Each structure stands twice: as C-alpha cells, then as structure tokens.
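Protein chains: 2
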Amino acid sequence: LGIEEDDFPHTGSVTSALPIPGIASVAASTNHAVKLSNWLKKDPHLQLYIENDCKMLPEVLSYNVVAEVKGNAFPKSIILAGAHLDSWDMGHGAHDDGAGVVQSIEVMRIFRALGIKPRNTLRIVLFMNEENGMRGAYEYARIVGKGHERHVVALESDAGGFSPRGFRINAGEAQLEAIQSWAPLFQPYLMHHLDAGFSGADIGPLKEFDVPLIGLYVDPQRYYGYHHTAADTFDKVNRRELHMGAAAMASLLFLIDKYGLPEEQVLLSE
Amino acid sequence: LGIEEDDFPHTGSVTSALPIPGIASVAASTNHAVKLSNWLKKDPHLQLYIENDCKMLPEVLSYNVVAEVKGNAFPKSIILAGAHLDSWDMGHGAHDDGAGVVQSIEVMRIFRALGIKPRNTLRIVLFMNEENGMRGAYEYARIVGKGHERHVVALESDAGGFSPRGFRINAGEAQLEAIQSWAPLFQPYLMHHLDAGFSGADIGPLKEFDVPLIGLYVDPQRYYGYHHTAADTFDKVNRRELHMGAAAMASLLFLIDKYGLPEEQVLLSE
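If you read the protein sequences in the order shown, they are chains A and B. Quick note on numbering: the first sequence equals residues 1 to 270 in the numbering used here. Quick note on numbering: the second sequence equals residues 1 to 270 in the numbering used here.
It is possible that part of the hints are untrue.
Because identical chains share one entry, a pair is satisfied inside a single copy or across any pair of copies.
No more than 20 Å apart at the CA atoms, straight line, and that leaves these computed lysine to aspartate or glutamate pairs for EDC-like [as the list claims (entries may be wrong)]:
1. Lys70 - Asp43
2. Lys146 - Glu68
3. Lys41 - Glu263
4. Lys76 - Asp6
5. Lys76 - Glu139
Bear in mind the hints are in silico, worked out from the structure with no lab data behind them. Keep in mind the model is a prediction, meaning the values are calculated, not measured.
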C-alpha cells in the first residue's frame, strides 16, 4: 500500500468509479480493504452485507465570515486571504481546513502587529460549505460579480498546516513571472516552489473575473494520512509549521500589496 | 518563546553557559522556565531549591553494529550509511536517532530488493555512544586508520525522520560539484538542497582520512520539539517521511557507487 495503513476510512463525497448505475460505493480504511481482499482470496464467492445510513439532510442557512483592513490608497482593491470553515466531522478538521482558517486570521494579525497599513484592502474570507457544494465560494463570487471591487489577488490555504514549500499559482504569465521574481526572498525559508498549479477550491470561482489565484503549497507527505478522517485532529498540527505557513502568506500578500501584479487575463487551465 | 511551549526539558550534556565555576546548570522545560520567570518577577528575592541526582555511571562494554554487502568490483572501497544506536532514555529516541538507524538498514534492504550489486562495499554502521562521548565513532575511525580500506563516502542520518530536503555535504569542491550535478534527479522529490554544511557527528572522525561526509538534510521545523525529550516517541514518526529519507539516502549512495566521486582532499571546515 502506498500511504497510511490504518483503520480510518476517508470520507467525503463518494461516487461510483464504475459507470454502472445501482452499484453502491462506500469508503473503507486501508486496513479494512486489506482484510476484505484477504477474505475474497480465501472465498471468491464471499457475500458481504454493508449497512450504510448516509443521507442528505435539508438545507440550512449558514454564512461566510469576512473581516478586512481598509486599504489606505485603493480601498476598493482587494487582496484576499482565505480558507474554508466547514469540515467533515469525523475528526476536528484540524488540517482540513482549521489550519487554513487560523492562518488566514493570522495574516491579518501579522499585518497589524507589524504596523503595516496595506495600500489595498486586506480581506480575510472564511468560506462556508466547501466540502459539500462550495456554496460559500459561489455566493462570494456572485457578490463580487455584482459589486465594483477589483480583486488584486486571492490566496487560499487548504492543503494542511504543514511546513510551507512555496505557492501554487494560477495566473497570467506576466503575473506568474512577477511572483517568481521574488523567489530569492522565499528560498532562505526553504520555500523553493513558486510554480503554476492548482490554487484552491474556494477561490476558484473568482477565475471568471480574471483574479490571479494562489494556493499555499506545503509539504505534501502527511496530508492524506489525515484528510477527511477521524485522525485529522488538533494534535497533528505542529505550531511552528502552522506559523511558518501564515508568515509565508502574509509575506506574499505584503509584496503583492506593495509592488502590485501586472494586469492581464488569467490563464483558465488548472 | 520561539519553539514548543511544553513541559519537556531537553536533556543532553548540560554545561554552564557562565564562565564561573560552582554555578550548577540544569535543563528546564519552556513552560517551567516561564513559570520561574514569573515567580522572579513577583519576588526578585525568590530562593529556589533544586534537587538533582544526575551522575556518571561506570563504563560498560558496548558495540557498534556493522553489516555489509561486498562490492563486486572494489570490495575494499566502502560506501557507508550510518546512524547512532544510543539515545537519551526519557523518550524512545525515535527521531534521535531511531529513524536514522532504520533508514540506514533500509538503504541495504532497498539495494537488495532492487537487485543492485554495488561496485563498492555497502557498509551499514550503527554507531554506539554518540550522545555520551562518541566512543563508537572514534573507535570506528581508529580501526579505519589501521586498515587497508578506502572510504568513498560516509553518509549519516541524524536529523530526524522528517521529510527529506536534500543533503548537507562536507567534501572537497570537485566532490561537492559532482554531487550537485545530480540536483535534477532529486528536485522532483522536493529535495532542493545539496549544500555544503555539517554532515553528522558519528562520521565526523573520518574527516582525518579525507572521506567525503554527507548528512541527510530533512525538514528542520519539528526536530527541536522532540530532541532529547520524553516527547521523542515512535508515534511522532511519519512512515512516509521516514521512507522518503531512506530512499533519498539509497539513491545518493547508488549514484556515488555507480559514478564515483573525484578524489581530493576534503575541506575540514564544517
């Protein structure tokens, strides 16, 4: 097996990998999958009964949480840092995405603690309902579409609170190059990746407004041991790694706020 | 405080930072140091009584553990991978240096599993007594000095079983450049550091024989939360990170075994 051998099934939205209707799909842990496989080897005619009480509950009203520090030069220009508030409730949702939530809040605290008055408005958005339909993300984008604000950049942390290795950038070529020109500022902190790539689910809908999208890229080794499982608990988060990710986010937004990014159409491929 | 706030004092060899004889030094946890500091703020005339029963026990006989696969071209040329067997016994010594021990063993397993017959002799050395005088390291070097073997390279893992970020190399300039020429082979695995630097304590005494010394360089954020404390336990080791470090070690030794390193005097500065 490639990754963790444990008893934690990874929940989430499970759909059948087979294009055959009527075949149910459930998540099993790696250990349980091995057990099932061994049973099947012993008895190819094994019959298995699985009871599952998953269901979709009625819709309820919930909210994104938004905070901002007004820009002192361009208050209608937004530099956004965000993450998602909701989680699968088997564990604490500590890495997915409690870590991103506190890092986004920490970005604002860092700006205030250092006395940085952003030129653009620094807005922290904690998106609701990422895991189950991205309603908060779509609603935020809908409001942006109606308004008169311009988003200079949107930055998301949703890959866990692990040691930062850089950023994944979904932006125009000149914007990507501008960010990559800051590589020497990040390398001393062992962040070597300012690569084109997937940014984050919640900020994704802002692509239609040509907003440069950036995701915090962290050490990816441990995430899928915890993701969507009962093991995604607070004790799995290392404070120092969490802090470094927040500091990296604040640093990048500081640079973008101060020096700007070239304006251009964003590449839509992810 | 910079790093972990916890109740774990970091043991080890504690000596006074003050050049005044008769002032005892003990290790205190960060939380306990804060508590002491707060007490002192309340009462600058605070008197504190600390009882400490540390002592040096008599010497006992112990051993390095050595295993090897004979080289099929140059059996008296050694490529060495190693770590240290002993640990401070407050915890398990899981990261310091249980991780390095199993990674060194894993290097040999990887060579065998892949059917690699090394040209030079692959030798795994598990050094005894690193923490308390490096007797195993000095004894190994003493025997090397008496023998007729040549060490092509010595590689140590003693920085914890964390996600590998590269290697720290203490070697001659041409040797360093030869290793750095392999950077493109390591970068896809997020290993960007093939830098000059400190290699490892146990292989250090081999410098006098101009052996190129290399240390596995891993993500350094978590190590000093566990190092020499009761928190350095097995559950803090992530299997995937541990495996990646061992794979990195095996890969580098494979390259050195296959392509060799230029022969030159090793730089002695670390």
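The hints, checked one at a time:
Taking CA atoms no more than 20 Å apart as the test, Lys70 paired with Asp43 passes in neither setting, with 67 Å inside one copy and 45 Å between copies. Proximity of Lys146 to Glu68 under the C-alpha cut-off of 20 Å is restricted to the intra-copy arrangement: shortest distance 19 Å within a copy versus 70 Å between copies. Taking the shortest alpha-carbon separations for Lys41 and Glu263, neither the intra-copy value of 60 Å nor the inter-copy value of 55 Å comes in at or below 20 Å. In this assembly of identical chains, the alpha carbons of Lys76 and Asp6 never lie at most 20 Å apart, being 49 Å within a copy and 44 Å across copies at closest.
Proximity of Lys76 to Glu139 under the C-alpha cut-off of 20 Å is restricted to the intra-copy arrangement: shortest distance 19 Å within a copy versus 70 Å between copies.
When held up to the earlier numbered hints, the structure conflicts with 1, 3 and 4 and fits the remainder.
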